[in-house]
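Q: Following the hints, put chain F in place on chain V, whose structure we already have.
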Amino acid sequence: MNAKPLELVCPAGTPAALRVAVDAGADAVYLGFRDETNARNFPGLNFDRTDLARGVAYAHGKGCQVFVAINTFPAAGRPGPWRSAVDDAVRLGADALILADTGLLDYAARTHPGQRLHLSVQASAASPAALRFYHEAFGVKRAVLPRVLTVDEIAALNARVPVETEVFAFGGLCVMAEGRCALSSWCTGKSPNRDGVCSPASHVRFERRGDEMMTALGDFTIDAVPDDRPAGYPTLCKGRFVARGAAGHLFEDPTSLDATAVLPALMKAGVRALKIEGRQRGRAYVVQVVSAFRRAVDAAATGAPVPRAGLAALQEGARGTTGAYEKGWR
Amino acid sequence: MNAVKPAAAKLTLGPLLYNWPAERRRDFYFRVADEAPVDAVHVGEVVCAKRVPLVADVTADVVERLLRAGKAVIHSTAALVQDARDEDGIAALAADPALEIEANDMAGVALMAGRPHVIGPLVNVYNEDTLAFLAGRGAVRFVLPAEHDAATIAVLAAAAAALGAETEVQAFGRLPLAISARCYHARAHGLHKDGCQYVCGEDPDGMAVETLDGQPFLAVNGTQTQSWAVANLCHEMAAMCAAGVGRFRLWPQAVDMVAVAQLFRDMLDGRLDAGEADGALARLVPFAPFANGFYHGREGVAWDAASSQCELP
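Going down the list, the sequences are from chains V and F.
Per the numbering used here: the first sequence ends with 332, consecutive numbering throughout.
Per the numbering used here: the second sequence ends with 389, consecutive numbering throughout.
It is worth saying that the hints were derived from the structure and are not from the lab.
A few of these clues could be false.
[What the hints assert, rightly or not] Facing chain F, from chain V, some residues (calculated, C-beta under 7 Å): (1) Pro83; (2) Glu155; (3) Ala157; (4) Gly220.
[Said to hold, decoys possible] Reference listing, derived: stretches of chain F covered by chain V, where coverage requires no fewer than 3 residues with Cβ under 8 Å from a Cβ of chain V: (5) 94 to 104; (6) 129 to 139; (7) 202 to 209; (8) 319 to 332.
Computed from a predicted model, the values in this text were never measured in an experiment.
We treat Cβ as the ideally placed atom computed from N, Cα and C, and that holds for glycine.
Excised from the complex, chain V in its bound form (with noise of 0.2 Å):
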């Protein structure tokens, strides 16, 4: 088999991370501004208007293309910092918005009639009728699926929609419906929908408790771990919770996604693209994973079996999941 390689969108939190995962053989890169209108809004990390001019002489000047996620869901009376930020990225030269507030969209549509628009994850459009709505609507012309779909479901969906489509295929994994959980608001008054955050480490605290270490978000435990083993961040769907008497990993076990086990799989499914998390990751995992990814996307243009080397050890808990690729996830 021949086929057009999978296209490798890659995180870039940082102008460094950028440069590294052009170099690294990154087809785009996704960033963000460094404020509340994009879902990664942690400190350290993002772009200012400088910083995306460089960004975009560097990633263009190697043929690689740059996304930039606007993808919060602009404040009630104050659509001001979201505005700038399209109309910002579209002067500078961003390839492509990355978009899921209705209201933006119809901004974008009618303000930059020409722009690319890509319709985010965190819009949570799952099927034919809302993927051809942004579509009709706005002319979106890719989206971004959550992550809730088998490979067959994608493969149906795709049949079916006037979009091309982008999964997520290594990283960070969200098991609730993207853009469509107020848990960590819930917590912590800080949410990933309006404020660009998911259990920000503002209200993260780690207590010893005896021989355990204990993690919490605002007034609730997340975890427990014995002194022998490493406490990890709390992120609520992560943790551990007591359900019908027994403690245990209620929503998801510490496990980040890893689909290159998959990839042949999602290639026929008809994919245009694969996403790589981890825009609040340093340069080394950058360099590694879209390394990796970009040897594996090769491989599978050609038929030849995917390699999967250097992978495992990036992964959060050390274990990969094809997670809601396959049915038995569910």
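A: Frame of chain V, contents of chain F only:
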């Protein structure tokens, strides 16, 4: 400002989100039809497509009884539309122009284009641009997402009023906080969703989820995750009416919902003050604390009765 007089504000009973047996479901809705002082009642399965056939068995009888009792009946669509079967279900509802429909997913929104419909609380309406766009396609009522604060609610209520649309706020019940493809009820029972044995039916108010310290935290309802604490915006109703909110949603819980609806009605009509209603509500819902944090711009779980006292005008 398009203030609503509290006595003119309407009460809506949201769709029953849990998997109750058909008989219990029917008896519940029949009693609501006969006794509950609510203006509108939502029916339909929002959480899990696997439950749809179970729910459908009694829906026709329930709808007929509610309409005879003078209630407006709205059909609520699925929260997570994943496949053609889910979509066909919505398309079938949309094919009957006589039905009022609440869309809870963008697929539902897409299929309602050009006809009056309700935008449910699980559709992301965060700002007036989104609200105006959806109103332009036929939305006439917006049930706001749970995490909005007072200022956001006020902006959206004013924007809706300017477009001739209504605003509804979730005022009572466990709040829907997340939806997933995975069934956590099945997972907690060591099962997969495909072979779930409908274990969600064991918990009429959701399955309790506690922290490792035994602190009550969340309630699992199949693929949906809800708050353990019960939302109660008794103290905030007057301020919301003044801001133009004209409807309040009560989520069905396994408590005396006729009595709950009566308390909210009595408060809106000036027969009870918020403090009295609050106390009576606590006696009806002894199993979980109240929460109103989202309204006050805090963590949703917070409960602050003192700072939110508002006298009815």
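Q: Hint by hint, say whether it matches the structure.
A: Hint check results:
no., hint, verdict
1, Pro83, "12 Å, violated"
2, Glu155, "6 Å, holds"
3, Ala157, "12 Å, violated"
4, Gly220, "6 Å, holds"
5, 94 to 104, "violated (count 0)"
6, 129 to 139, "violated (count 0)"
7, 202 to 209, "holds (count 8)"
8, 319 to 332, "violated (count 0)"
Consistency note: the structure conflicts with the earlier hints numbered 1, 3, 5, 6 and 8.
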